[in-house]
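Chains A and B, in that order, give the protein sequences. Quick note on the working numbering: the first sequence kicks off at 1 and runs consecutively. Quick note on the working numbering: the second sequence kicks off at 1001 and runs consecutively.
Hint data in this document are derived by calculation from the structure and do not stem from the laboratory. Here the structure is a predicted model, which means the values were calculated and not measured. Beta carbons: idealized from backbone N, C-alpha and C, even for Gly. Accuracy of the hints is not assured; some may be wrong.
For the chain B half of the interface with chain A, some residues (derived, Cβ under 10 Å), not all of them [said to hold, decoys possible]:
no., residue
1, L1064
2, R1088
3, F1094
4, A1121
Sample of chain A residues with no beta-carbon within 10 Å of chain B, all distances over it, derived [what the hints assert, rightly or not]:
no., residue
5, W59
6, H86
7, I118
8, A132
9, L168
10, L206
11, I208
12, P220
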Amino acid sequence: MSVEEQVGAARPGDEVVKEARPTRGLRGEAMRRLLRNPMAIVGFVLILVFVAVAVFAPWIAPYSPKDNSWLSEVRPGVYPGPSAEHWLGIDPLGRDVFSRLVYGARQSLLIGVVSLAIGATVGVSIGLLAGAFGGWVDALVMRLVDIMLSVPGLLFAIAIAAMLGQSLTSVMIAIAVVNIPIFARLLRGEMLGQRAADYVLAARSLGISRAGIVFRHVLPNSFTPVIVQGTLTLALAIVEAAGLAFLGLSGSDPSAPEWGRMLTDAQVALTSAPQLALYPGLAIVLAALGFTLVGESLREALDPKLRR
Amino acid sequence: MSLLQVRDLKVHFPIKAGNLFTRQHGSVQAVDGVDLDVAAGTTFGLVGESGCGKSTLARAIMRLVEPTAGSVALDGQDLLGLSERRLRPMRRDFQMVFQDPMASLDPRQNVESLLTEPLRAHKIPGGPVEHARRIRELLEVVGLPATALERYPHEFSGGQRQRIGIARALVLSPKLIVADEPVSALDVSVQAQVINLLKELQERFSLTYLVIAHDLAVVRHISDTVAVMYLGSIIEQAPADQLYRSPTHPYTKALMGAVPVPDPAVEVGRNRILLQGDLPSPANPPAGCRFHTRCPWRQASRCAEERPALRTLTGGHQVACHYAEDIAAGRIQPSTTAAPRSTATVSQHEPAELLDSRRSPGGR
């Protein structure tokens, strides 16, 4: 059928807007898809438990994590296992394992969130700069980012933590710095792609200012992968924090309850009481798994290429 | 005087190589010396096959692509000499309708926001109340209900999205609208509705259109003047009826011949011109007449050496061919072995493919 046969017969308004469905933004659609994904639900539950334990640690833990009153019960090769009094037993230094595990969640969450906040903020700013201006600004910034990315993440974090000295702050900064180039590169790449989109051309032809285009159009449309990366980065930060603590690069207080340090402490008794290493190991895996599952399902729910 | 005046417009994209020390290896001559005049209140149709530079021409006129040379003037005001900052307030007067309405609407903006944004950007007086009134009125004009305001682009059909795109182009009350393939992404049944809408709007707001399309029927229906583009330049231009009635340039003849006639008796006996070879690369266009490599009427030496200028025949019919009169009078006959089979990619094209109207709507 040719166009000309149709002309004249059709009138504007022939199509009728579907009225039945309540209006819903793209975010709403994505949320609906997310909540239908069992992977996401498992992830959310894991995160919820993790955060609840971290927040309510003082009420959940039966003892202080630093209390070593049970040192007398511990002898080399003999570590009291689970009992009604000590649910997960006593560690080689005479402390309640369950209480340390609970307080360890608090430490992990704190390091994860703070390092993510620093890393993402700095990284996003750098990426925004490169993505918004392009040209030599982009070239310069991205070469710096490439240099940072050329060093393996954990090695980089160890170097920074060792340089800054043993403290909680230095661990957070170390993990944050490792994440900066990842966020910068991600946002910049996404923005470059969006800048060539037709709706950006349309905005330019409408006479919208450059800043208006970047902040109202390009940035909001480029932010989705950053949110996904943020979730996945939290998982990585927890693992990295544990790694640094395991290597003795965390705080100066050796009795602080940290999952990584608990692994170190469990090494002494690895043959006679392997479960002591298992508990913090499992905690690290489950917490990281929670964030990874949610991150991955977020990616699936938000990815425009998978949509429709 | 014409509302839009384009003179010797050229858009050459440099071909660069090397990462650190970039060198330029020639350029893609997407638009190479185009003159056009669009009178106020009329529609100028521009046709050509994919890759002939028609979209680039539209973007250059809109200053979305920086032209290499030439001039573009709207209502006597030169547009190319202005800085982007000085140009921005002037953009009110010339707006664009894009090919793919989904891609040209920000997916995170609802209709209200995307229609109000240009009003705010240009500080159109009246404030939120007046703005709201204006966009409601506009929605009605383009045939969408007021309930569309809080919806997002993905909630509409293709035709409705293009109506939104048209409303957005109208919101600043422009004089000129450049429509780059405004209906080629739409279903055939919806195409007619959108074309009718464009015609209605032209009468209502006394708009001037520059419509670009590869579909001859679309252009014919809407245009007063039609120009045919081939490899970066206009090769024939005439009042619409005249161009369709008596195509003069060999390329235009081939284009018209590729349109099937909806009558099997005529269709079988019809003498069609089959072009051979592919569109040459705009990075390395042929010397002389750019069409001579594929032209069945091509004559020795002159066609390959001298580039024909667009010259006026009779009644405003312009053509860029050395032998237009001779061909029209039948003094030169097309050769059966048309173009020299010199290029490596010689292949016999299906005539319909020339117009790529059968291809997927997304192609540009």
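Hint check:
1. L1064: holds (5 Å)
2. R1088: Since the shortest Cβ distance to chain A is 5 Å, the answer is holds.
3. F1094: Holds - the Cβ of F1094(B) comes within 10 Å of chain A, reaching about 8 Å at its closest.
4. A1121: holds (5 Å)
5. W59: holds (42 Å)
6. H86: holds (53 Å)
7. I118: Nearest chain B Cβ is 27 Å from I118(A), so the label holds.
8. A132: Holds, since 15 Å exceeds 10 Å.
9. L168: Fine: 39 Å to the nearest Cβ keeps L168(A) off the interface.
10. L206: Per Cβ check, L206(A) is inside 10 Å of chain B; nearest 4 Å; violated.
11. I208: At roughly 5 Å from the nearest Cβ of chain B, I208(A) sits no farther out than 10 Å, so the non-interface label is violated.
12. P220: The assertion about P220(A) is violated, with a minimum of 5 Å to chain B.
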